[in-house]
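Colleague: What follows is each chain in one-letter form.
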Amino acid sequence: DVKVTQSSRYLVKRTGEKVFLECVQDMDHENMFWYRQDPGLGLRLIYFSYDVKMKEKGDIPEGYSVSREKKERFSLILESASTNQTSMYLCASSLWNRGPTGELFFGEGSRLTVL
Amino acid sequence: AQSVTQLDSQVPVFEEAPVELRCNYSSSVSVYLFWYVQYPNQGLQLLLKYLSGSTLVESINGFEAEFNKSQTSFHLRKPSVHISDTAEYFCAVTLRSNFGNEKLTFGTGTRLTIIP
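Protein chains in written order, with the numbering used here: chain A, 1 to 115; chain B, 1 to 116.
For the record, the hints were derived by calculation from the structure and aren't laboratory data. Every value quoted in this text rests on a predicted model; they were computed, and no experiment measured them. Fair warning: there could be bad hints in the mix.
Only pairs whose alpha carbons sit at most 20 angstroms apart, straight line, appear in this in silico PhoX-like list of lysine-lysine [said to hold, decoys possible]:
1) 49/B x 57/A
2) 53/A x 103/B
3) 103/B x 71/A
4) 3/A x 13/A
5) 70/A x 57/A
6) 71/A x 3/A
7) 78/B x 103/B
8) 3/A x 70/A
9) 55/A x 71/A
10) 53/A x 70/A
11) 103/B x 55/A
12) 49/B x 103/B
Could you build all of it, start to finish, from the sequences and the hints given here?
Modeller: Written as structure tokens, this is what we have:
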């Protein structure tokens with residue numbers, strides 16, 4: 001069974017702390033994504049990566065960075081957490097293809113609260 | 001750039017009644033369209049997709065969606081809903097020109113609540 005695993009389901013951090021959200025997939029997928037999900041705003045793409053050490057900004061990259069040192073692992077980093085980064089963070093992966101198939105595989109999410 | 005509008009944020013429906021969740025998209029070029037479902041406390045999963053061919057696509061659990069190019073819509077329908085359909089549903093779009101990656105743009109979601 002395909003699986004995307006996010007290391008923490010719930011986190012509580014203080015303003016200014018550095019936060020790491022980890023995501024691991026076991027499907028040998030090339031593409032990996034970080035979205036944040038907020039009520040009334042849906043899912044918004046933060047960053048994505050289509051290969052090891054490659055990354056591209058999504059629609060809302062400000063305040064975030066990412067790291068992809070290994071194919072199966074994609075980390076989201078909040079250098080200095082702020083209260084407006086309180087949200088649900090979703091990691092996803094997909095297979096590189098000749099054209100999009102729309103098949104993203106999602107983790108269960110990490111709910112981050114910044115106090 | 002492409003965008004997706006889901007007109008209803010919440011839809012309550014009685015069990016065994018029909019339902020339609022609306023989705024409209026905006027794009028100046030050809031697109032692919034998708035519906036994802038998120039059950040409580042879970043991640044999203046693909047429900048159905050339109051890539052090409054027949055404009056009516058179906059899922060394994062009785063949902064269907066029809067691509068209507070003239071109305072730029074991709075509404076999701078089910079003739080008779082069940083309690084287990086309670087979830088949030090997201091419409092998504094990507095450009096046909098997206099080569100190799102799945103950079104989707106999602107709508108704001110519709111929360112479907114089934115009333116016993």
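Colleague: All the hints need checking, so say for each whether the structure fits it.
Modeller: We went through each hint and held it up to the structure:
Restraint check for residue 49/B and residue 57/A: the C-alpha separation of about 25 angstroms exceeds 20 angstroms, so the hint is violated. At most 20 angstroms may separate the alpha-carbon atoms for a hinted pair to count; residue 53/A and residue 103/B meet this at roughly 18 angstroms. A distance of roughly 18 angstroms separates the Cα atoms of residue 103/B and residue 71/A; the hinted pair therefore holds under the 20 angstroms criterion. Between residue 3/A and residue 13/A, the direct Cα distance comes to roughly 27 angstroms. Violation of the 20 angstroms bound is thereby established for this hinted pair.
Taken as a hint, the residue 70/A and residue 57/A pair is honoured in the structure, with Cα atoms around 19 angstroms apart against an allowance of 20 angstroms. For the hint pairing residue 71/A with residue 3/A, the CA-to-CA distance comes to about 14 angstroms; that is within 20 angstroms, so the pair holds. Of the pairs offered as hints, the one joining residue 78/B and residue 103/B is violated, with about 27 angstroms between alpha carbons and a cut-off of 20 angstroms exceeded. With a CA separation close to 16 angstroms, the supplied pair residue 3/A and residue 70/A stays within the 20 angstroms bound.
Under the criterion of a C-alpha separation no larger than 20 angstroms, the hint pairing residue 55/A with residue 71/A is consistent with the structure, at around 12 angstroms. With a C-alpha separation of about 8 angstroms, the suggested pair residue 53/A and residue 70/A falls inside the 20 angstroms cut-off, and the hint holds. Between residue 103/B and residue 55/A the alpha-carbon distance is near 13 angstroms, which keeps this suggested pair within the 20 angstroms criterion. Restraint check: the Cα-Cα separation between residue 49/B and residue 103/B comes to about 15 angstroms, which is no more than 20 angstroms; the hinted pair holds.
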